[in-house]
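Protein chains in written order, with the working numbering: chain C, 273 to 461; chain A, 483 to 757.
To give a feel for the contact side, a few chain C residues facing chain A, derived at Cβ under 8 Å:
no.: 1; residue: D388
no.: 2; residue: A391
no.: 3; residue: R439
no.: 4; residue: R442
I should point out that these hints are in silico values taken from the structure, not numbers from a laboratory. The beta carbon of each residue, even a glycine, is placed where N, CA and C say it ideally should be.
Listed below are the residues making up each chain.
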Amino acid sequence: MAASATVSSTPGAPGSEPVADWGVFYDAHFDYVWRSLRRLGVPEAALDDATQEVFVIALRRHGQFEGRSSVRTWLFGIALNRARELARSVRRRAEDELPEYLPDIAAPDQEQRAIDAQALAVVYRALDELTSDRRAVLVMADVEEMTASEIAELLAIPLNTAYSRIRLARRDFEAALRHCRIRTARRIP
Amino acid sequence: MSELSAGARSALERGLLCDGPSSARRERVKGRVLVALGGGATAAGKVSSVAGATSSALSGGTVGGALGGGVGAKSLLGTSLFVWFATGIGAGVGVGGLAAATQRFSPQEVRAPVRAAPKMAATAAPPRAVEPAHDTPPPVERELAPAVDLPSHDARLAAPTRSVAPLAVAPAETPPAASADPTSMSEEASLLQRAQRALAAGQAATALALLAEHERRFPSGVLAEERRVAKVLGLCALGRADEATILARAFVARAPRSVLIPRLESSCVGKTLAR
Chain C
273 MAASATVSST PGAPGSEPVA DWGVFYDAHF DYVWRSLRRL GVPEAALDDA
323 TQEVFVIALR RHGQFEGRSS VRTWLFGIAL NRARELARSV RRRAEDELPE
373 YLPDIAAPDQ EQRAIDAQAL AVVYRALDEL TSDRRAVLVM ADVEEMTASE
423 IAELLAIPLN TAYSRIRLAR RDFEAALRHC RIRTARRIP
Chain A
483 MSELSAGARS ALERGLLCDG PSSARRERVK GRVLVALGGG ATAAGKVSSV
533 AGATSSALSG GTVGGALGGG VGAKSLLGTS LFVWFATGIG AGVGVGGLAA
583 ATQRFSPQEV RAPVRAAPKM AATAAPPRAV EPAHDTPPPV ERELAPAVDL
633 PSHDARLAAP TRSVAPLAVA PAETPPAASA DPTSMSEEAS LLQRAQRALA
683 AGQAATALAL LAEHERRFPS GVLAEERRVA KVLGLCALGR ADEATILARA
733 FVARAPRSVL IPRLESSCVG KTLAR
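Build out the structure end to end from the sequences listed, making use of the hints.
Structure below.
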C-alpha cells in the first residue's frame with residue numbers, strides 16, 4: 273500500500289476497473305473523504321474546501337495510483353496530507369472557541385438527534401485532545417481499521433514505531449474520552 | 483499492541499454512527515469540484531474529458547489559473563485552491579499527471595468502509611428537476627433579497643461557536659439547494675467559470691451580465707455563494723464600491739463563516755467590512 277506510487281494498470285487489480293465518469297467516482301467517495309477529513313481534525317469551516325481539494329488532487333493524480341492499495345486508502349493519504357497542512361496553517365483555536373460538533377445529517381426524531389449529537393461530540397472532543405499525529409493514527413487504526421503495516425507505510429515510519437504510536441494513541445484517546453464524559457456529565461444537570 | 487478498550491470502542495462506534503455529510507453538502511462541493519476541474523466538462527463526463535479541459539487551461543497559464551478556470555491567483559473559486567498551491571500541496575500536480583489522466587478510477591472498493599454510517603445511503607436525495615427560469619430583475623436588488631435558499635449547513639455554520647451546548651442539535655436536513663441533475667450542474671459551473679474568466683480578463687461588465695444570467699437560471703444553485711462573491715468583485719472592478727459594499731455585507735450576514743469572506747476582505751469592500 274502506498275499513498276503515492278508508480279503507475280500500475282494490472283487488469284483486475286484493486287481499483288483498476290474503469291469507472292464511467294468522475295461524477296461516479298466523486299459520488300462513491302465523497303462521504304468517505306469528508307468524514308476522513310473531519311476525523312483528522314479539519315475544522316468545520318474548512319471542510320468543504322478541503323474535500324474539494326482532495327478530489328481535485330485525486331482526479332489530477334489518478335494516473336499515479338498503482339492499485340496496490342484500495343482507492344480509499346489512497347484517498348485517505350491525500351486527505352491526511354491536506355489535514356496536516358491545514359493544521360500547520362491554522363493553529364489551535366483559543367480555549368473559548370471550542371468547535372461545535374453536530375451531525376451533518378439530522379435524524380428526524382428530536383430526541384434521537386440529541387442522542388446522536390452528544391455521542392458525536394464526545395468522540396470529537398476526545399479526538400481534539402490528541403496530538404495531530406496520534407489522532408491520525410487512532411483514526412487509521414480504530415476507525416479505518418488499517419493494519420500497523422499499512423499505517424507504517426502511509427506515514428513512512430518503521431513498523432515498530434507504528435505499533436508504538438498506535439498504543440499511545442489508544443491510551444490518550446481513552447483518557448480523553450474519560451475527561452470528556454466527566455465534563456459532559458458536569459454540564460448536564 | 484494493546485487494543486482499544488471495549489468501552490472506548492463502543493463510544494467511538496456510537497459517536498461516529500451518525501457522522502456523515504448531508505446530500506446538500508455533497509452537491510455543493512461537487513459543483514465546486516466541477517468548476518475547479520474546468521467547468522467545461524459535463525458532470526457526467528469522462529475523466530479523460532476532465533483531463534482535457536484542465537490540460538487546455540494549463541497550457542494558457544499557471545496551475546492555479548487552471549484550477550480557477552483561468553482566473554489564476556485572483557480566482558474567487560480558488561481562494562482555497564490558490565492557498566493550496568501556494569503552500570506547496572499541489573506540487574507535483576502538473577501536466578505530467580494530467581497526461582496520464584485518461585486512466586479511470588474504479589468506484590469499487592477492496593475493503594468496505596469500516597465504520598460506514600448506515601444513515602448515509604438512506605439520506606441521499608434524489609435528483610431534482612432543473613430550476614425554473616424567471617424574469618431577471620436588476621442583479622444587485624435580487625441578491626439583496628432575503629436568504630430563503632440558505633443551505634442547511636450554512637445556517638449551522640452561522641451559529642455562534644462559543645458556549646457549546648452538549649445537547650445541541652442540528653436542524654433537520656433540507657434537500658439540496660440546487661438541482662442534482664448533472665447537466666444542470668455542469669451548465670451552472672460552466673456559466674460561473676465564464677464569468678470568472680471575464681472578470682480576470684478585465685471585462686467586468688460582461689462578468690456581471692454572465693452572473694446575472696447565472697442568478698436567473700440558478701438562483702439557488704450550488705455555486706450561489708461563489709456567484710455572490712464574484713458579483714462583489716465585478717462591482718469593485720467597475721468602481722461601484724457602494725453597491726459592492728451592500729452586497730458584501732449581505733453576504734457576510736448570510737454566511738458569516740464562509741471560506742470566501744477573505745476574498746471579499748481583499749477587495750474594494752475590505753475596509754468597510756472590517757468596521
